[in-house]
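Asker: Got chain A; can you put chain B on it based on the hints?
Protein chains in written order, with this note's numbering: chain A, 149 to 360; chain B, 4 to 80.
Derived by calculation from the structure, the hints in this document are not laboratory data. Treat each hint with caution, since some may be false.
Straight line, CA to CA, 30 Å or less: simulated DSS-like cross-link-like pairs of lysine-lysine [to be verified]:
#, chain 1, residue 1, chain 2, residue 2
1, B, K8, A, K303
2, A, K303, A, K321
3, B, K7, A, K303
4, B, K8, A, K280
5, A, K280, A, K258
6, B, K7, A, K280
7, A, K258, A, K321
8, A, K303, A, K274
9, A, K280, A, K303
Ranges between beta-carbon positions, derived for each pair [what the hints assert, rightly or not]:
#, chain 1, residue 1, chain 2, residue 2, range
10, A, Q198, B, F71, 52 to 62 Å
11, B, E30, A, A299, 39 to 49 Å
12, B, S60, A, N209, 41 to 51 Å
13, B, K8, A, E278, 17 to 27 Å
14, A, R215, B, P22, 42 to 52 Å
15, B, V62, A, N209, 42 to 52 Å
Heads up, the beta-carbon is just placed ideally off N, CA and C, and yes, glycines get one too.
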Amino acid sequence: MADQANGLAAFIELIETIADNKYVLGDHLVEIGVSGPTLEATLSAIAMAQGELGHARLLYNWASDLRGTGKTDITDQTGKAFASVVQVSDWIEMISALYAVNAGTDLVLKSMLEAGHPEVASRIRKLLAEQKEHILYSRGWVTLLLQDAGAVPRKTREALDRAVPEVRAWLSKLEQSAELASGGYVPAQAGFAARFDEIVARETQRAVNNAG
Amino acid sequence: MSMKKREYEVFGRIRRGDPLVHVGTVEAPTDELAHVYAAYTYDEEDWFELYVVPRDSMVNIIRREGLFAKEGAANHG
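For reference, chain A alone in the conformation it holds in the complex (with noise of 0.2 Å):
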């Protein structure tokens, strides 16, 4: 029963965690995004914010079911936001915090998927569908970014040298926690660290190989 208790405290913590970041990705996505380098780049982050928004509200939704304690306005995020996310200050750190966050968030849900934990799927397979486009976009900028001229790419690195390591550092302490693991929430030896760790190197090396 305890165990059962703890499996469940973890795993709002982690949703929550998602859901925390997803909205401030969303605040910036509005007050940073208008100012994207195109048109079409500022209207895409517009309409991603409704997205990233509207995921965390229904993480925070699933959140307060879980503990039940019903349906609550939600006027801030909970705390557990990366602090390279919240100190996001400029379109380059916004992209790079996008990415990394995207990233490392569509690992630990399809693994949630993997999982098989009844309701979990009904919850976010809609969201994962959805989260689709905006790992597209993130990582099509990144690497445009990493691939353009003067200060641009060092920018990036930096931004990205930030937000990186925090995400991973969440998604090695999730692949830890002997409670989500028991929960039957995430898989046994998730590998999250590791297969994050090949993500980033593949899709960052690839933009600096076709930059040269």
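Answerer: Structure of chain B alone, referenced to chain A:
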């Protein structure tokens, strides 16, 4: 930004069996970003299918001469 952009034509089908219609265009530096831009710019319908095609990949079969092609716009007014 020093990126090169391509023009993409956007085609969509609203319901199964409907004709595939030209919806508009987007400019994007890559196919992936053209996909995203088209999905977000032309989201007014619940599309059955939506495609982006690089304009320079379209093979011309027939093309009528424009009404003022011989005189040219510069000779007017």
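Asker: Honestly, do B:E30 and A:A299 meet the 39 to 49 Å range at C-beta?
Answerer: Because 25 Å falls outside the window, the suggested range is violated.
Asker: Can you tell me whether the CB distance of A:Q198 to B:F71 sits inside 52 to 62 Å?
Answerer: About 44 Å separates the Cβ atoms of A:Q198 and B:F71, which means 52 to 62 Å is violated.
Asker: Straight-line Cα separation of B:K7 and A:K303 no greater than 30 Å?
Answerer: holds (21 Å)
Asker: Can you confirm whether the C-alpha distance between A:K303 and A:K321 stays at or below 30 Å?
Answerer: holds (28 Å)
Asker: Does A:K280 lie within 30 Å of B:K7 when you go C-alpha to C-alpha?
Answerer: Within the cut-off at roughly 24 Å; holds.
Asker: Holds or violated: A:K280 with A:K303, Cα cutoff 30 Å?
Answerer: holds (25 Å)
Asker: Range hint 41 to 51 Å: satisfied by the CB atoms of B:S60 and A:N209?
Answerer: For B:S60 and A:N209 the Cβ distance comes to about 44 Å; the hint holds.
Asker: Within 42 to 52 Å: is that where the Cβ-Cβ distance between B:V62 and A:N209 falls?
Answerer: holds (50 Å)
Asker: Are the Cα atoms of A:K303 and A:K274 separated by 30 Å or less?
Answerer: violated (34 Å)
Asker: Is it true that the C-beta distance of B:K8 to A:E278 lies inside 17 to 27 Å, as the hint says?
Answerer: holds (26 Å)
Asker: Take the C-alpha atoms of B:K8 and A:K280, compute the straight-line distance between them, and say whether it is at most 30 Å.
Answerer: Roughly 22 Å separates the two Cα atoms, so the pair holds.
Asker: With the threshold set at 30 Å, check whether the alpha-carbon distance from B:K8 to A:K303 stays at or below it.
Answerer: holds (23 Å)
Hint compliance for this structure: hints 8, 10 and 11 are not met, and every other hint is.
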